[in-house]
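Protein chains: 6
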Amino acid sequence: MSVSPHSHVKTVMYGKVRLYTGTSSPELASQIASYLNVNLCDRDIVTFPNDNIFVKLHKSVRGQDCYVIQSTSIPVHRNLMEMLILIQTLRLDSAARITAVVPYLCYTRSDKKDQPRVPITARLVADMIEVAGADRYMTFDLHADQIQGFFSIPGDVLYAYHVLIDPMKELVSKMEKPVMVSPDLGFAKKARNYASSLDIPLAFIEKRRLTNAPTAKALTLIGDVTDRDCIVLDEEISTGNTIGTAVKLIKEHGAKSITVVFIHPVLSPGSAEMLASLPVDNFITTDTIPISKEDLAFFGDKLKVISIAHLLGEVILRANQGRSVGQLFNE
Amino acid sequence: MSVSPHSHVKTVMYGKVRLYTGTSSPELASQIASYLNVNLCDRDIVTFPNDNIFVKLHKSVRGQDCYVIQSTSIPVHRNLMEMLILIQTLRLDSAARITAVVPYLCYTRSDKKDQPRVPITARLVADMIEVAGADRYMTFDLHADQIQGFFSIPGDVLYAYHVLIDPMKELVSKMEKPVMVSPDLGFAKKARNYASSLDIPLAFIEKRRLTNAPTAKALTLIGDVTDRDCIVLDEEISTGNTIGTAVKLIKEHGAKSITVVFIHPVLSPGSAEMLASLPVDNFITTDTIPISKEDLAFFGDKLKVISIAHLLGEVILRANQGRSVGQLFNE
Amino acid sequence: MSVSPHSHVKTVMYGKVRLYTGTSSPELASQIASYLNVNLCDRDIVTFPNDNIFVKLHKSVRGQDCYVIQSTSIPVHRNLMEMLILIQTLRLDSAARITAVVPYLCYTRSDKKDQPRVPITARLVADMIEVAGADRYMTFDLHADQIQGFFSIPGDVLYAYHVLIDPMKELVSKMEKPVMVSPDLGFAKKARNYASSLDIPLAFIEKRRLTNAPTAKALTLIGDVTDRDCIVLDEEISTGNTIGTAVKLIKEHGAKSITVVFIHPVLSPGSAEMLASLPVDNFITTDTIPISKEDLAFFGDKLKVISIAHLLGEVILRANQGRSVGQLFNE
Amino acid sequence: MSVSPHSHVKTVMYGKVRLYTGTSSPELASQIASYLNVNLCDRDIVTFPNDNIFVKLHKSVRGQDCYVIQSTSIPVHRNLMEMLILIQTLRLDSAARITAVVPYLCYTRSDKKDQPRVPITARLVADMIEVAGADRYMTFDLHADQIQGFFSIPGDVLYAYHVLIDPMKELVSKMEKPVMVSPDLGFAKKARNYASSLDIPLAFIEKRRLTNAPTAKALTLIGDVTDRDCIVLDEEISTGNTIGTAVKLIKEHGAKSITVVFIHPVLSPGSAEMLASLPVDNFITTDTIPISKEDLAFFGDKLKVISIAHLLGEVILRANQGRSVGQLFNE
Amino acid sequence: MSVSPHSHVKTVMYGKVRLYTGTSSPELASQIASYLNVNLCDRDIVTFPNDNIFVKLHKSVRGQDCYVIQSTSIPVHRNLMEMLILIQTLRLDSAARITAVVPYLCYTRSDKKDQPRVPITARLVADMIEVAGADRYMTFDLHADQIQGFFSIPGDVLYAYHVLIDPMKELVSKMEKPVMVSPDLGFAKKARNYASSLDIPLAFIEKRRLTNAPTAKALTLIGDVTDRDCIVLDEEISTGNTIGTAVKLIKEHGAKSITVVFIHPVLSPGSAEMLASLPVDNFITTDTIPISKEDLAFFGDKLKVISIAHLLGEVILRANQGRSVGQLFNE
Amino acid sequence: MSVSPHSHVKTVMYGKVRLYTGTSSPELASQIASYLNVNLCDRDIVTFPNDNIFVKLHKSVRGQDCYVIQSTSIPVHRNLMEMLILIQTLRLDSAARITAVVPYLCYTRSDKKDQPRVPITARLVADMIEVAGADRYMTFDLHADQIQGFFSIPGDVLYAYHVLIDPMKELVSKMEKPVMVSPDLGFAKKARNYASSLDIPLAFIEKRRLTNAPTAKALTLIGDVTDRDCIVLDEEISTGNTIGTAVKLIKEHGAKSITVVFIHPVLSPGSAEMLASLPVDNFITTDTIPISKEDLAFFGDKLKVISIAHLLGEVILRANQGRSVGQLFNE
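Protein chains in written order, with my numbering: chain A, 268 to 598; chain B, 268 to 598; chain C, 268 to 598; chain D, 268 to 598; chain E, 268 to 598; chain F, 268 to 598.
FYI, nobody ran anything at the bench for these hints, they're computed from the structure.
Just to be clear, a hint being listed does not mean it is correct.
You can't tell identical chains apart in this list, so a pair holds if it fits in one copy or across any two.
Stated by the list, open to error - Each computed DSSO-like pair below joins lysine-lysine, with the alpha-carbon atoms no more than 30 Å apart:
(1) LYS571 <-> LYS436
(2) LYS441 <-> LYS523
(3) LYS456 <-> LYS283
(4) LYS323 <-> LYS444
Build out the structure end to end from the sequences listed, making use of the hints.
Below, the structure written as structure tokens:
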């Protein structure tokens, strides 16, 4: 993706861009505002002693094109509700159009009934976003792309691929024998696409046996990693347990170096310290979820955070102007 | 209210009663189950490291009449989401009817735009409950009865009055010169109704002046409390600041004794200790919200918690059987 | 409020303003049209012998920003239906946006189930306005502000306060000892706000006792009115019975002069004559509902009708242009 | 149709039948209640001085199968609103199922845009009935059967044919040379069906010329009526002008006798007297709309009113029991 | 109708016009595109071996005013689904507005329950168009105009009259004794309107008897056709059986010449050949449905196809610009 | 699964079971009816010459529990529409509950936007089923389980696994060295589950390289098949090309025997003959889609069709009775 300059665009179709952010993604929102050369709109967000949130916009948004930027990261439910309240407030204030910009959408792993009597919470979340009043949504790398179909409203599901692939290419260019490792069968297809773009081979880890030998119940590594520079790609890291086991396995198989690339840095409490202690040479992630200073400190300069801010900014711009987003990726 | 025996009821119109509870009201739910002589239905509620909640019902509810008992008390957003997920799970499992039983409904104070650019979050909450799949709702003492009109689905808005009035009558019967004190103009009408039932006079506290003297900006006490046994009635106590000020004012005016009656014990952190230290003789409240053991300890035997369990149980029974609830209160 | 000149506004976001009126508010609609420097749009409204109403617009409204100005005053149901038919006609003719401008909204007193087995007709009316096709609504001084939450569509709930407060200030400036009197506990908060703006004391009338003396069941006047210039403030006057009783009580307490200010002149048959005969020095009201010539004749020059036309015109203008309405009131 | 005895029916599927009526059809409702051997349910319907209607049910309808019987005859809008309020009240009181029983549905002539910029009010009325909360509807002889498609909810559109055809057969049996006359091209198909059942010839009146002679703009009578017993069939009579002209034309053509059969006696003010003065031997109509005693007096024994009560009662019974209604008519 | 030049129109209110077509109406769509001086938008429509259709738009339609031109002619269900998929694709790609342009709408004859236990498929089709995401619809000569009321969205129902009347006038001007013949009572009103515009007499064919003679069950011709130039007008011709019988009857009655005018050339397999063999001098129809080359060959120069393309083009233009369509027809 | 006898079940909660079938699955429907010991309900399904379908039910379904059994197999759009019309007809006839039973649901492969400007047709199909009036749905082995979240209504997604696993176990019991082969990465997880139940190893075919050798673009077989009894498992077979290539590859790698198991026999024209000619020893499939006699003839006794009829029948029974379906599978 090459983000094009946009100074010469004149037609504004949906009123002016108005950027709002909840409390979960202030820094990302700031950078998007910078890219768009606008200010974040002022609003109060207050928590009352009874735990209820109150919102007040400082200026009218009547007839404007509003964007609520909010990752539904930990604390998930508070962040989600904050976003919904912001959306309703904009709607009741007669905004012309409201887009929920949710870099990390919660509950996407609850996307089907693979056993009886369980919820499909991702659909519930989609319904909640719609009932609050969003006209469109934007998000990054859903757990399953089918979740798009949970929404009645149109949306832009973006891929961190577009910001990660260049740094990864650079990295690979310095490697002798790179290999892409997928730590999970469910993620295999996405890993394959990255591997294809990078023109490197693919290996993956399978939790079940490929032979019927009784001892084969352990993890199996399919593909060759010995003496190779391994790039382990994962969608989101929460506890880090999966990635920890994968790294250990790869290491045992004689990996030369290990780079861990992951899209959503959920990083549940304690995970950063654990991850930082793994025999991993480099971590690469994005800012779909903000990482605390404390967690950043654990990683030191082993961790590189690639920002999605410019990409999101450009997509918001194009959405506002009624221009193609797909074109941005030569699609 | 006299809760009638119900052993002879035979017709079940909406399938069998199935009681579920989230994590916020387990004890209340248990008591309701006892009243109805059924078991609480087993379900797993798990919180994943990424803060997402997962629910699984142990048994099918196909064609049954389900009730989700959950106060949306602190932590408000987690409790709310837990209830919504339970409701959706029941709906996807083909329950015949789902009732959200929410003894304390959150966000009822955000019920109007009394200034521009603010939300009406109570309407958002009502929309969320409906979109999750509830067919009906039950709740207690809404901040404003108009909130009933925020729901498209029918509901039973119950009043703690029906469980509080008898203990209050007993209390009053032992007082020499009782008076009802309303600490807030907005709550004056409800206080009036209690006072009328108890056949005692009413006083109230007004935050603004009744004369145009420059110093009159302080709180004013209207009505006579000197040497009287004061019953201060409030809807919910969160920080306890309002009630604290009221008690102080009444005391200054020479009250003989002070009883504080309040419906929803929100009790934000630190409030219990503060309240217990006030010159209050008795506290009476309900269990629409569970009170922690720590908070109970602060109050000692000064606090009496009157349970709404039997009332709720009876209302659930009648709802299940298609019998009048209003009749229960001779209405 | 200072209504700003608007000649320099250029951007029209929602098509051109098209003003329509039913048969209930022709004069108010005319004045709004004058303010906006547009013509009222021609339409036929015919009543067939079978009592069915027929509507035909003279010109296409395709892509335009349409406003239907109609008070749902007596005859309530015909006026309501006329408005709904107009809205549907505009929608089927592909209007870009339709705003129901209802200076007096009917059924707002039926806003809650305060007893079992009664309707919440205000919610029904809101649903009817939405199902007919309104995108927004505008109205004045709802009986309860919570009624905003009955609508799914956004709206502008305006307050006659903004047109009444200046005449009232002028009036007060000529009084020696003014006092604001609220004839009803339910209206006390609004009266307090007016009193605060006018910087005058507040008194009010309570229908129940403040002491437990057996004779105290009569109306009670709280606050001092003796030898004072009383301003009685009410929301709507229908039969005038409440205000009549209030005036009598105040007079008995030795009021020096009485001014009655009320927002919605419902004035059911016979009420004007009765009101005019009361010992009231001045009446002030608005034109949210048109007053018949006959009724005006009863009052003579005792009654001053303050028009909301310019205020509504300015709000319509701002809605059309996507500019803040709150700002108009420095909010 | 032979209405079958129903004493042996045992299964009640939708709760018990609860009959409510507004103020427009009390007598019809009574007769239906008699047929069903139940009492009409008590309710208050009050009109406040501000023209707002208030409703209160005397008993709970929780879980019951409710029917609101109300013709939307003159005064159309009040009767319509009364019905909608009743429906909403039943819904909010948790009725299991609500059926709007509207023997005469208003606004059915506004069923299409046959010119630009006019409403389709019949669709609006259908939407209003649905949004109020009706689950089903019943009505008689819609102006166009396509109006069924305006409802999302299912309904029973009944035909007065089933109660009129026997009296008409008896009448015809006494005639020498009967002929059916349709006064309007739009009603020709229905007249044809009646004529077919009665096995009598058809004539009709066409408002436009069948030749291009310049004088042919007058009404033309197609078919033979001279010395014949004419049965003029119309859907609804409002002013009676159409029927008056038709009668005059037939008389001029030498009709031996004239019987006027019409389904809905709208009878706008003054019409009864005019109709009674026409050279018509017999009038036959139904009680889909109640006829005032004054109007009945004009007709004397010239008018025979055939009741739809038993038919409606039987249809309600079958609807309640989940039995076929079509079967009732051997369809 | 005089289609006005439109080169000087400048304001575009709903984004730019984007024309799409499914596979049923490519030629008509092309002509509309020519009229509007735009290109048809490229899209892939692929049928997979499992009979599923796949669509891909070549360019983004974000914020544009999109029109899907597709007759739901044979194969009806494939054409209908193709249109629905196109509409959904445009919606998910964030089109600003989507109009379903359906010159021939399927299932309009299934528009009422004239017997028990049958569908109202026209309502189902309307619901499907709406649920796919259309904001508006355009169509020609519905079987019953009431079908407009099946849609919640506004639409433009156009009449082929506007393109047929001039050719018909020219034809009539060359005739000595023209007469309009309606082959069906149900279509009589439309035939009357054409006859009125052409200032010629009307005759029609009735399938049932006008006398009670036992032999009268055959078709009856009402009005004079002997030695006349007959113009038989029909809505749609499918098998041609009705028109064939009508032509035969007219011929038997001594018609001088016969012209058959019909709006929708459904032409089921085999019908063209049959029709061409009838003693008909001229056929006139439109291109609401494309006629295959094979069918055209049967007719030779006996058939004249009048295009609706310019009319549709102009209506699309006006819809895009927010200008009156009714005005186009001097309505 | 052991389908339990059900003669002793007494409570029927949703009216009686009424089974309807369109024209796509008559034999399956018959077998379900047999299992349930009921008759298929009679209905007419007629196709008019204009390709429109007409439906008429022979008996009333008022208050009954209706099931429409229809595979949306080739011809997909006609079969889909037939089902939708049946559903609407049942709804308009006041069925108590309607379940769309769709053993093979069309368009499930169009379940996400994996490129810009494409549809999510599976969501459209879900919306169409809901708008027609289905209350629930039943189907088998969706392409992605997330498609459950496209429906707002609850459903039972069943798995052919429950009928296939026993025959497969029997088959495996006779094999020496069995191995499960998945022909596609996307289907790997399902194959893994079958392999696990059968306790046999897993191999699969990957279309992209696992090494970066330039020649590796061909298909790769991962896992050992040499001298093994291969069970190739696929979801649906349409053209058979994928399976053909897979079989060829396995054969080249020295498979001892090959069994192809597939769930949905789409079998596009020509595929049966091709498949029958492959070096495959056994084919096993189900009757979610009926296979023509011609196609069956190609396979001879190489093909075994395992019926889902009893399973579906049991699930319908349990749905009707409000009993657990999950329990049927010990879940």
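Going down the list of hints, with the structure as the test:
1. LYS571 <-> LYS436: The answer is within: 14 Å in one copy meets 30 Å, while 51 Å across copies does not.
2. LYS441 <-> LYS523: within (13 Å within a copy, 46 Å between copies)
3. LYS456 <-> LYS283: neither (39 Å within a copy, 38 Å between copies)
4. LYS323 <-> LYS444: neither (55 Å within a copy, 39 Å between copies)
The structure fails hints 3 and 4 (numbered hints given earlier, in ascending order).
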